[in-house]
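*Asks:* Per our numbering, the very first residue in the sequence shown carries number 14; after that it's consecutive.
These are calculated hints, taken from the structure and not from any lab test.
Note that the Cβ used here is the ideal one computed from N, Cα and C, for glycine as well.
Worth double-checking, as some hints may not be accurate.
Said to hold, decoys possible - Here are the in silico distance ranges between beta carbons for each label pair:
id: 1; residue 1: 100; residue 2: 126; range: 18 to 24 Å
id: 2; residue 1: 97; residue 2: 47; range: 36 to 42 Å
id: 3; residue 1: 130; residue 2: 21; range: 33 to 39 Å
id: 4; residue 1: 100; residue 2: 146; range: 32 to 38 Å
id: 5; residue 1: 63; residue 2: 39; range: 18 to 24 Å
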Amino acid sequence: MMGHFATGVTVVTTNNRGRMGGLTVNAFCSVSLNPPLVLVCIDIHSGALALIRESGAFAVNMLTEQQEDLSRCFATQNKDRFEYFCHASHYTVATGAPVLADVLAFVDARVVAEYPGGDHIIFLGQVEALGVGGKVLFANEREKEEYQESGHNGHTA
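Please model the complete structure; the sequences and the hints are all you need to start from.
*Replies:* Structure (C-alpha cells):
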C-alpha cells in the first residue's frame, strides 16, 4: 500500500575516513525548525548503516528527474555503488558527508540520536548546512566561515 503514496527520491550519503557510502531512501522528513532537525530511516541490513554510525553524519540529496540513474544505482547492490560511489560527482560542505552535484536540494546533518524502528534505524540529524539549486545555507556562521576559508570550489570527484 505505501508504494501508492508518492514521495520524493533522495540519496543519503556518508563518509567515514574516506569510505563513502550511499543509498536511495524515501523515508526522510523534517522534524523541527528550532533546532533544525531531520530524520532518515535506514534498513538494518544496509551497508551504509555502520558508516553513518561511525561517521556521525549524513547528507540527504534530493534528486532531480534527470538523476534517475543515480537513484537506481544507489538502490542496487552492484559494484559501481560500493567501489565507485556510482561515479557520482560530489563535494563536501559542513560535516564531510558527500553532497551530490546538481541535486535539487540537500541537507547536511550530524547525527544527534538514533532509535530502533522495526527493520530500520531512525537517525535524527541536526542540520549543519543546506542548499537549494547549488546555493549553500549554513546553520551557523562558524560553519560558513570554515567553508569559505577552505577555498573549496564546490566540486570534487
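*Asks:* Which numbered hints turn out to be false for this structure?
*Replies:* Of the numbered hints given earlier, those the structure breaks are 1, 3 and 4, listed in rising order.
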